[in-house]
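Asker: Below, each chain spelled out in residue letters.
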Amino acid sequence: MKGANTTSMDRRTLLKLTGAAGATTGLSAIAGCLGDEDPAGDVDELTVTLSQFPDTIDPLDHITGDYFDIYDHIYEPLFDFEPGEGIFPRVVDDWEIQEGEGATELYIRDDVEFHNGDDLTAEDIAWTIDRTVDPDMGVVSDIGSFGLGSIEGAEALDETTVQVNYEAAPGLAEFEFGNYARALNMEWAIENHDAENEEISGAEAEDFNGTGPYEVVEFTSGEQIVVERFDDYWGQEPPFERVVFNADGESSGRVSSLEAGETDLTINILPEDVTTVREADDVEIRQVTSFRNIFCPMKNTVEPFDSQEFRQAMNYAVDNEGIVDEILNGFGEPRGQPIAPGINGFNEDIEPYEQDLGTAESLVEESGYGGVEIELTVPQGRYLNDAEVGETVADQIDQLDNVDCEANVVDFGIVSDANSAGVDPDEFEIPFYLIGWGTITGDTDYGVQGFFTIPDNPARTFDDEELSDEIIESQEIEDPDERREQLEYVNELAHEKAPFVFLHTQESIYGVREDIQWDPREDETVYLWEMET
Amino acid sequence: MISDRVKSNLKRTFFQSLLPKIGLVLLVSIILMATFAPLLATHDPTRTGYYDEQGAEYPPIGHEYTGSIAEDGEIVEITVEPTSEHILGTNNVGQDVYSRFLYGARVSLLVGVLGTIMALAIGVPVGLIAGYYGGRVDDALMRVADTMLAFPALVLALALIGVFGESPVMVPDPFVMIGLADGMPEAIPIPGTVTIVVGLVSWVWFARVARGEALAIRNEEYVKAAKSFGTSDRTILLQHVLPNSLTPIIVLATIQIAVIILLEASLAYLGFSGTTLSWGYEIERGQDVLRTRPWVSMFPGIGIVLTVIGVNLLGDWFRDALDPNIEGEGR
Amino acid sequence: MNVGKFLLRRVLQGIFVIWGVVTIMFGLRAVSPGDPATLMLGEGATQELIEHVREQEGLNEPIYVQYFDYLQGLIVGDFGYSWRSNREVEAMVIERIPATVELAVVATIVAVVIAIPLGVISATRRNQPSDYGATMFSLLGISTPNFWLGLMLILLFGVWIGVLPTGRRAVGFGEAMVTLVQYGSATGLITWLQHIALPAITLGTYFTALITRLTRSGMIDELGKPYVTASRAKGLPNVLVRYKHVLRNTMIPIITVLGLQMGTLMGGAVITETVFNWPGLGLRLIDALDARDWPLMQGIVVFIAIAFVTINIFVDAIYSYLNPQVNE
Numbered sequence: 026m027k028g029a030n031t032t033s034m035d036r037r038t039l040l041k042l043t044g045a046a047g048a049t050t051g052l053s054a055i056a057g058c059l060g061d062e063d064p065a066g067d068v069d070e071l072t073v074t075l076s077q078f079p080d081t082i083d084p085l086d087h088i089t090g091d092y093f094d095i096y097d098h099i100y101e102p103l104f105d106f107e108p109g110e111g112i113f114p115r116v117v118d119d120w121e122i123q124e125g126e127g128a129t130e131l132y133i134r135d136d137v138e139f140h141n142g143d144d145l146t147a148e149d150i151a152w153t154i155d156r157t158v159d160p161d162m163g164v165v166s167d168i169g170s171f172g173l174g175s176i177e178g179a180e181a182l183d184e185t186t187v188q189v190n191y192e193a194a195p196g197l198a199e200f201e202f203g204n205y206a207r208a209l210n211m212e213w214a215i216e217n218h219d220a221e222n223e224e225i226s227g228a229e230a231e232d233f234n235g236t237g238p239y240e241v242v243e244f245t246s247g248e249q250i251v252v253e254r255f256d257d258y259w260g261q262e263p264p265f266e267r268v269v270f271n272a273d274g275e276s277s278g279r280v281s282s283l284e285a286g287e288t289d290l291t292i293n294i295l296p297e298d299v300t301t302v303r304e305a306d307d308v309e310i311r312q313v314t315s316f317r318n319i320f321c322p323m324k325n326t327v328e329p330f331d332s333q334e335f336r337q338a339m340n341y342a343v344d345n346e347g348i349v350d351e352i353l354n355g356f357g358e359p360r361g362q363p364i365a366p367g368i369n370g371f372n373e374d375i376e377p378y379e380q381d382l383g384t385a386e387s388l389v390e391e392s393g394y395g396g397v398e399i400e401l402t403v404p405q406g407r408y409l410n411d412a413e414v415g416e417t418v419a420d421q422i423d424q425l426d427n428v429d430c431e432a433n434v435v436d437f438g439i440v441s442d443a444n445s446a447g448v449d450p451d452e453f454e455i456p457f458y459l460i461g462w463g464t465i466t467g468d469t470d471y472g473v474q475g476f477f478t479i480p481d482n483p484a485r486t487f488d489d490e491e492l493s494d495e496i497i498e499s500q501e502i503e504d505p506d507e508r509r510e511q512l513e514y515v516n517e518l519a520h521e522k523a524p525f526v527f528l529h530t531q532e533s534i535y536g537v538r539e540d541i542q543w544d545p546r547e548d549e550t551v552y553l554w555e556m557e558t
Numbered sequence: 171m172i173s174d175r176v177k178s179n180l181k182r183t184f185f186q187s188l189l190p191k192i193g194l195v196l197l198v199s200i201i202l203m204a205t206f207a208p209l210l211a212t213h214d215p216t217r218t219g220y221y222d223e224q225g226a227e228y229p230p231i232g233h234e235y236t237g238s239i240a241e242d243g244e245i246v247e248i249t250v251e252p253t254s255e256h257i258l259g260t261n262n263v264g265q266d267v268y269s270r271f272l273y274g275a276r277v278s279l280l281v282g283v284l285g286t287i288m289a290l291a292i293g294v295p296v297g298l299i300a301g302y303y304g305g306r307v308d309d310a311l312m313r314v315a316d317t318m319l320a321f322p323a324l325v326l327a328l329a330l331i332g333v334f335g336e337s338p339v340m341v342p343d344p345f346v347m348i349g350l351a352d353g354m355p356e357a358i359p360i361p362g363t364v365t366i367v368v369g370l371v372s373w374v375w376f377a378r379v380a381r382g383e384a385l386a387i388r389n390e391e392y393v394k395a396a397k398s399f400g401t402s403d404r405t406i407l408l409q410h411v412l413p414n415s416l417t418p419i420i421v422l423a424t425i426q427i428a429v430i431i432l433l434e435a436s437l438a439y440l441g442f443s444g445t446t447l448s449w450g451y452e453i454e455r456g457q458d459v460l461r462t463r464p465w466v467s468m469f470p471g472i473g474i475v476l477t478v479i480g481v482n483l484l485g486d487w488f489r490d491a492l493d494p495n496i497e498g499e500g501r
Numbered sequence: 003m004n005v006g007k008f009l010l011r012r013v014l015q016g017i018f019v020i021w022g023v024v025t026i027m028f029g030l031r032a033v034s035p036g037d038p039a040t041l042m043l044g045e046g047a048t049q050e051l052i053e054h055v056r057e058q059e060g061l062n063e064p065i066y067v068q069y070f071d072y073l074q075g076l077i078v079g080d081f082g083y084s085w086r087s088n089r090e091v092e093a094m095v096i097e098r099i100p101a102t103v104e105l106a107v108v109a110t111i112v113a114v115v116i117a118i119p120l121g122v123i124s125a126t127r128r129n130q131p132s133d134y135g136a137t138m139f140s141l142l143g144i145s146t147p148n149f150w151l152g153l154m155l156i157l158l159f160g161v162w163i164g165v166l167p168t169g170r171r172a173v174g175f176g177e178a179m180v181t182l183v184q185y186g187s188a189t190g191l192i193t194w195l196q197h198i199a200l201p202a203i204t205l206g207t208y209f210t211a212l213i214t215r216l217t218r219s220g221m222i223d224e225l226g227k228p229y230v231t232a233s234r235a236k237g238l239p240n241v242l243v244r245y246k247h248v249l250r251n252t253m254i255p256i257i258t259v260l261g262l263q264m265g266t267l268m269g270g271a272v273i274t275e276t277v278f279n280w281p282g283l284g285l286r287l288i289d290a291l292d293a294r295d296w297p298l299m300q301g302i303v304v305f306i307a308i309a310f311v312t313i314n315i316f317v318d319a320i321y322s323y324l325n326p327q328v329n330e
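Chains as they are written, first to last, in my numbering: chain A, 26 to 558; chain B, 171 to 501; chain C, 3 to 330.
No lab work stands behind these hints: they were computed from the structure.
Keep in mind that the hints are not guaranteed to be accurate.
[Stated by the list, open to error] To give an idea of the interface, some chain B residues facing chain A are shown, with a C-beta separation under 8 Å as derived from the structure:
no., residue
1, Leu209
2, Arg217
3, Thr218
4, Gly225
5, Ser238
6, Ile239
7, Ala240
8, Glu241
9, Ile245
10, Asn262
11, Gly441
12, Thr446
13, Gln457
14, Val459
15, Thr462
16, Arg463
[To be verified] Residues of chain C placed beyond 10 Å of chain B at every Cβ, according to the derived structure:
no., residue
17, Lys7
18, Leu10
19, Asp37
20, Gln74
21, Gly75
22, Asp80
23, Ala93
24, Val112
25, Ile118
26, Ile123
27, Lys227
28, Tyr229
29, Phe310
Yeah, the Cβ is synthetic: ideal placement off N, Cα and C, and Gly gets one too.
With the rest of the complex left out, here is chain A (with noise of 0.2 Å):
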């Protein structure tokens, strides 16, 4: 498996040849017999902590976030997916775009069984590509209007393709499904979850099918989900017999749980909590920078963020550096622009704007906005320290003489919609708030469309026709170096505009036992056969 290290094979070989194999499967024996005594015992199982619960089942409902590392080992995406080099055969085979006409043909396997023991068909999967961008038809969520934002339809040729329709170039609908296309069993879903116009939605094992190697055999709504795995799956036997899934919401309670050996793995843990996991034993931290960068969107219909120059003035009242620093321990890297490195599209030269107290001033006083009153809306425990993060922020525009900035620190959900509720000055309230946004496509488009195009997207931050136009043309060429260099230049054009205060890309941090063989993902997903013990 790509990035397993060899000492995980010299490992396994050195146990095979001293025969040491043998005497592990003794001790599981001997810990299965114990099993009353101590459940944690079994060697066989592992315990992932995640920070959030999923609050749906349905396996279309979000874009992002802890809900996938449960929900992608039961639905497993069609393609492997490996951040900055693309897309790999998986439940698809293989795959044909259709020059010109928009589309692209997939070739699944035959070999594919769910759950219930129903064989995958090509027409589960275009069924479940039309439920999710067909709002009139399924559940309605951020994957049909971004993560498949340039997917029109799909439909089954035969038993074993598919054609996707888009209406953009090949590269970026390739991005798109590449990561968002999954398979539901249509006639199961519809007969029993009345799929077709509502989400799926239950609270027991069975109300989850997918053709992935790992089946639901225990659900508790909120608490935790226990998967084993699926004998009839078509594929490599994954590394865990049976895995248990649960959150603890508090950084310091899922490291405690690491700590007392409850858990095997958890993630999103605070800088602060990494020392706590270094000196505990048999556990460690493992990080990775993410494709996630934090950033305070200006919309820019209301006073004073319609001035370039204020935008920018605040870019220079802020310090990157220091907040990377001090807030965040180190564990992250100061951004200038819209997307983090390893994305396609990412711009080399451009820097952060750097803290500078009287360039800032005099841009404010440029805008003939000085002396005005702001306020920075800020979530608490969605990103890496995202309220002290804010507050920092916050205070430091306070420090210019010509502007006084608040922070108001509230809950996620009212910074969601804040950056869904668009820019019509009547439709909004919160014109300047933290958010962060982890490009996981791999490709800028996902990082910038959603924000700045213009037509069809009611939900954008910005309004500028220029940057609009820009990100629009990028999407329709098909020359995958042209189209990076275009996305380049959206980047270039992002950073002078401003449209965000752009502050810093977040770093993962996660807590793991010693001996599982794992190097955390670039974009924030964890895949339990990635593994190895």
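Use these hints to put chains B and C onto chain A, whose structure you have.
Answerer: Same frame as chain A, now just chains B and C:
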């Protein structure tokens, strides 16, 4: 209204036991602390960014902090020494814990007192009217009161915040206005909606007490006499019933200040208060760093406990001295 | 007044209270900002679909029609569907009851077991060191915010001493009992106890303190009454007098106060469950508040109100049984 007998009772119980003295000392110190916060504070409590050169928060005097930071992808251990600049250390955003401790007292006390006044203003008239008129009026008002008791304060808080927003009220600082405390905030925000909410969920207790007193008094001879002279109900309520109910209401008000301070802290802890300069909010902030920087939540918690103990001891003193008949207390 | 009639009256009053809570919740939802259809569908819904949902959910009906529809549903036990997860609200409430009941019951037991002896000792040894100790303890108990207490307990027992888990309900009481009965293994029960210990102490401390205070002052009042002196004069042993009569008479007002404090207990449970990530009704309420999931919020609040009213009627029943000459 306050008779000589009451005065002498207060005096006697005060000297009888140590507890009222402790309560008075605690409360007076906290009130002084809150009042003179701008003069006592060493830093602007809202100013962020007080970190040592490694970018880490300062521990309180007498403690050393060891932690990890990432440098170019590598995790390295650091040790942070305390500084006399920040005697109680700094919090997760690099604010001075000591200065925030002082200002936190202002918010707690102000909300406690304003919330209680609000509860008094609703509860006492309702209770008096219910008790005085009795019958249907009494029944209706008391059912409303029961409904309030069955209603979780949090839900009411959230709904009202949803409707009215958090509406922080900026209270200007007199010391800064006359130039005695330069560099301190010109005004501090008091959470407006939360003050109303804590009042709304607490009035019931006043209504119950006032009703009980009114019930007892309305059958007294002098009230009957006043009635027969044709004195209006309003006058009777204001001149006879209210003054006689004052003692238990004062005792209850003291206890309620404590209860409301705790309620405000809980709401701020759950993130519903809308101001960050509050002991409850500070505890929630410290929860993220509980294991490594326990001082961030420890000191504001101590602040709440000491204040509430002070208020409660005072309440006990009043209760012992005035001996009203109050059934329990609410929180 | 006869007891049956009195209780019937209380039940009718209780129904009125529940109706009041339902109505206030409905009113709050009606005036709260945010379009229900949009909240239900999430971002990115088409106007067409929003309109469809509005029609389907009856959101286009006049407000009083919606109100009567909601009331009608409640009467037959239909609380509607959660906006967020689309599940039936009844199911979402019911599945969370055991965790909260476990917590509340253990906290109450802890409180009663500690508080009553403490109060008795305090009252019978007035102004002695043990009285001062008990008084200081109860003062601290009613003055400490429970979320802070919870955090400090986590710090002390979970982190510094490291003997108790700091959160999450690893196993339910029911499951623990099953392992005990079926396999004769106490492991489940021990795990249950370990996990519930800190949350129960956190929730129970305020009540322990409150009951200690009430017991102390109630006992002091009772001990001063003529019948006590008379019994003593008759030569009844001191201990018997103290427990049989005095304590029984002291308990009556304490039970009433505890009934009224059930609301406080629920409020405390919300916070305790948040601090310890305890999967009860309180945590679900906070989740519902965060998601502005009104049907779920309403369901939980109405359930809490029903529990509150029922417990108080029960308390009144005990009260009128113990003390038949009760009048309003």
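Asker: Each hint needs a verdict: does it hold in this structure or not?
Answerer: A quick look at each hint next to the structure:
| no. | hint | verdict |
| --- | --- | --- |
| 1 | Leu209 | 22 Å, violated |
| 2 | Arg217 | 7 Å, holds |
| 3 | Thr218 | 4 Å, holds |
| 4 | Gly225 | 4 Å, holds |
| 5 | Ser238 | 5 Å, holds |
| 6 | Ile239 | 4 Å, holds |
| 7 | Ala240 | 4 Å, holds |
| 8 | Glu241 | 6 Å, holds |
| 9 | Ile245 | 7 Å, holds |
| 10 | Asn262 | 5 Å, holds |
| 11 | Gly441 | 6 Å, holds |
| 12 | Thr446 | 6 Å, holds |
| 13 | Gln457 | 7 Å, holds |
| 14 | Val459 | 4 Å, holds |
| 15 | Thr462 | 5 Å, holds |
| 16 | Arg463 | 7 Å, holds |
| 17 | Lys7 | 16 Å, holds |
| 18 | Leu10 | 15 Å, holds |
| 19 | Asp37 | 13 Å, holds |
| 20 | Gln74 | 21 Å, holds |
| 21 | Gly75 | 20 Å, holds |
| 22 | Asp80 | 21 Å, holds |
| 23 | Ala93 | 21 Å, holds |
| 24 | Val112 | 18 Å, holds |
| 25 | Ile118 | 16 Å, holds |
| 26 | Ile123 | 18 Å, holds |
| 27 | Lys227 | 15 Å, holds |
| 28 | Tyr229 | 20 Å, holds |
| 29 | Phe310 | 4 Å, violated |
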